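Number of protein chains: 2
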Amino acid sequence: MRKVTLRDIAKEVGTSPATVSKVLTGRGDDLIGKETREHVLAVARKLGYSPNLAARALVTGRTHCIALWAETLADFHSIVANAFMDQLRPSQYEIVITDVVKHPDWHAYFQRTPLWPVDGIIALDSPHSVRAYLAASAGRNVPVVSVGAYYVTEMDYVGVDLASGLEAAVRHLYEEGCRRIAHLTCPHGMRPGDGRREAYEATVREMGMTPELLVAEQSSREDGRRTVLAAGERGDLPDGLVCFNDEMAIGACKALHEMGVAVPDRVAVTGCDGIPDTEYFPTSITTIVQPVETLCRTAWEFLRHRIEHPDAPRQAAILQPELRVRGSSRRRGAA
Amino acid sequence: MRKVTLRDIAKEVGTSPATVSKVLTGRGDDLIGKETREHVLAVARKLGYSPNLAARALVTGRTHCIALWAETLADFHSIVANAFMDQLRPSQYEIVITDVVKHPDWHAYFQRTPLWPVDGIIALDSPHSVRAYLAASAGRNVPVVSVGAYYVTEMDYVGVDLASGLEAAVRHLYEEGCRRIAHLTCPHGMRPGDGRREAYEATVREMGMTPELLVAEQSSREDGRRTVLAAGERGDLPDGLVCFNDEMAIGACKALHEMGVAVPDRVAVTGCDGIPDTEYFPTSITTIVQPVETLCRTAWEFLRHRIEHPDAPRQAAILQPELRVRGSSRRRGAA
DNA sequence: CTGAAAGCGCTAACAA
DNA sequence: TTGTTAGCGCTTTCAG
Chain A
1 MRKVTLRDIA KEVGTSPATV SKVLTGRGDD LIGKETREHV LAVARKLGYS PNLAARALVT
61 GRTHCIALWA ETLADFHSIV ANAFMDQLRP SQYEIVITDV VKHPDWHAYF QRTPLWPVDG
121 IIALDSPHSV RAYLAASAGR NVPVVSVGAY YVTEMDYVGV DLASGLEAAV RHLYEEGCRR
181 IAHLTCPHGM RPGDGRREAY EATVREMGMT PELLVAEQSS REDGRRTVLA AGERGDLPDG
241 LVCFNDEMAI GACKALHEMG VAVPDRVAVT GCDGIPDTEY FPTSITTIVQ PVETLCRTAW
301 EFLRHRIEHP DAPRQAAILQ PELRVRGSSR RRGAA
Chain B
1 MRKVTLRDIA KEVGTSPATV SKVLTGRGDD LIGKETREHV LAVARKLGYS PNLAARALVT
61 GRTHCIALWA ETLADFHSIV ANAFMDQLRP SQYEIVITDV VKHPDWHAYF QRTPLWPVDG
121 IIALDSPHSV RAYLAASAGR NVPVVSVGAY YVTEMDYVGV DLASGLEAAV RHLYEEGCRR
181 IAHLTCPHGM RPGDGRREAY EATVREMGMT PELLVAEQSS REDGRRTVLA AGERGDLPDG
241 LVCFNDEMAI GACKALHEMG VAVPDRVAVT GCDGIPDTEY FPTSITTIVQ PVETLCRTAW
301 EFLRHRIEHP DAPRQAAILQ PELRVRGSSR RRGAA
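Residue numbers (the numbering used here), protein chains in the order written: chain A, 1 to 335; chain B, 1 to 335.
Check before you lean on any hint, since a few could be wrong.
[Claimed, not checked] Straight-line alpha carbon distances no greater than 16 Å define the calculated EDC-like cross-link-like pairs of lysine to aspartate or glutamate that follow: (1) A:K46 / A:E12; (2) B:K22 / B:D8; (3) A:K22 / A:E35; (4) B:K46 / B:D75; (5) B:K3 / A:D119; (6) A:K3 / B:E12.
To be clear, the hints were calculated from the coordinates, so they are not data collected in a lab. In this text, all values refer to a predicted model and were calculated from it rather than measured experimentally.
Could you put the whole structure together from the sequences, leaning on the hints where they help?
Now the structure itself:
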């Protein structure tokens with residue numbers, strides 16, 4: 001049972017493939033006879049025809065696929081991926097998810113592994129891949145929108161200004177009475193130029209305190225938990241803890257709970273990203289909520305526009321996150 | 001700056017496209033002269049060549065794309081998607097994520113929307129889409145592996161026997177002293193034939209108790225929370241709560257905490273799926289852990305095999321989940 | 001309004 | 001060892 005092609009339909013209808021194509025793509029709604037059109041449509045349905053998109057892509061140069069690049073789909077990124085799917089659903093585009101960075105030798109990645117041809121790329125928190133791609137793809141022409149807390153400004157981008165969120169978190173903890181505010185982070189956050197850590201350090205200094213970094217091995221819950229446990233065992237806990245992300249904040253809260261340390265009274269905690277988990281803990285966790293829906297909507301608008309107007313001027317947006325104060329840092333007032 | 005093609009390379013090297021193709025696909029490693037080969041390789045690199053996969057797919061009939069079908073990428077499904085990506089990473093395949101079911105008129109979906117051509121499909125908890133697809137694609141030939149708690153047995157499948165997990169959960173709660181064990185579920189779980197609910201009912205009856213269903217509007221945390229709050233306000237709480245999934249269990253715990261009801265002493269709670277969140281609550285949540293890694297590995301093995309051997313006999317596996325007892329249901333012994 | 005012809009970029013026989 | 005030819009399934013001028 002071979003796949004049904006345009007030619008099969010044409011043969012059965014007694015017309016040419018060209019005509020069938022025009023009918024089926026709708027490009028001939030006003031220049032193909034009503035009778036022929038309906039006949040074609042009927043036969044197409046009867047035969048269960050569906051077009052070979054690879055063939056179509058070959059001639060049109062459009063695949064109607066959009067790639068979402070991310071390092072992983074875990075945690076916060078899965079939320080973004082979901083929102084992105086919501087954005088694309090009404091469109092004619094499909095989503096190809098590619099995990100770029102994790103590839104062991106991603107420097108050579110784009111030269112070796114031929115990625116699936118897409119009409120556009122949304123690169124989520126993966127500036128390195130984007131740069132590598134740009135360098136490797138001099139001749140290619142696929143538009144990229146760089147998106148997230150880590151973005152690239154050499155192209156269209158939708159950034160999230162987490163630095164301002166971190167600053168707000170530090171100020172908030174200060175107002176709640178914290179006088180020794182530490183930052184629980186990971187090697188990633190320690191890299192030079194990391195907006196979160198730098199904003200933390202700057203704000204803390206500005207307020208007359210000394211930056212204090214707790215650096216875990218990675219940024220998972222377990223890493224956060226272990227690092228805070230270790231600090232507790234050293235008898236060296238701060239009274240405020242601004243975390244790199246929600247995962248680490250959750251781990252930190254777990255550790256504090258295990259040690260019998262009161263949250264927020266002894267140690268106040270804030271997370272970052274706004275994953276739903278933070279809301280559902282018995283002591284809900286204060287966090288910096290990323291504007292995911294706006295992010296995805298804007299990115300998709302930019303990308304759409306860029307696909308249609310390759311030479312349009314650069315599109316850029318910086319989105320502000322929102323500090324959502326909850327139980328893990330609120331010392332006065334209602335629970 | 002046009003895209004570089006095989007012909008460009010051939011021209012520059014002074015050979016034919018066929019030869020270049022052979023070199024670049026490695027299909028000529030032993031039948032192309034070393035000199036030519038190296039020359040081709042050098043020029044390809046210099047020109048920044050990367051193949052047009054649509055063209056290749058058109059002639060080979062292989063796209064090297066695998067589709068992951070899911071209703072959503074939220075919660076548990078994002079974990080599976082991640083594991084699936086881990087499986088495919090070493091392979092040459094890319095992942096196309098398609099959210100099939102949510103499409104408003106998915107009955108007609110497969111006839112209208114031409115899905116991207118893939119070499120195989122992994123359908124996660126989406127039996128309806130699979131059936132619709134099979135019905136609509138009589139002539140097509142793309143292998144599908146049905147996967148998850150809701151699977152289809154007319155094809156290759158890797159199922160997870162959540163029913164046995166639910167049974168274990170009920171027995172466990174009974175052993176912990178619960179004598180009025182309710183099931184917190186959603187309309188989805190109420191559909192006839194739903195393994196979880198049926199296993200719950202059967203086990204409860206078998207143990208001499210009466211099934212008691214708390215049906216929320218959907219299966220989210222908030223739905224779980226609201227439903228349990230309502231039950232509490234009616235003064236009608238059971239002493240054991242077996243939940244449809246972890247999301248609802250988390251919501252339930254939240255509600256109980258808000259009402260000042262002790263977990264597990266007054267109400268013991270179990271979830272289902274094994275999402276990491278359950279572990280990190282101050283009172284960690286007992287759950288039925290799905291064997292995600294095995295699931296993905298097996299599914300990928302099946303699919304690979306099917307792609308290479310379309311006529312191989314049906315491949316099928318039923319995986320057992322594991323009840324992981326934690327704080328939310330353990331009344332005796334250590335925390 | 002419809003069909004013939006050309007070709008998208010690549011691979012796979014088959015010849016040379 | 002290499003080149004020639006044909007064609008994957010589709011769209012797109014351009015004639016009719």
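Can you name, in rising order, the numbers of the hints this structure does not satisfy? 4 and 6
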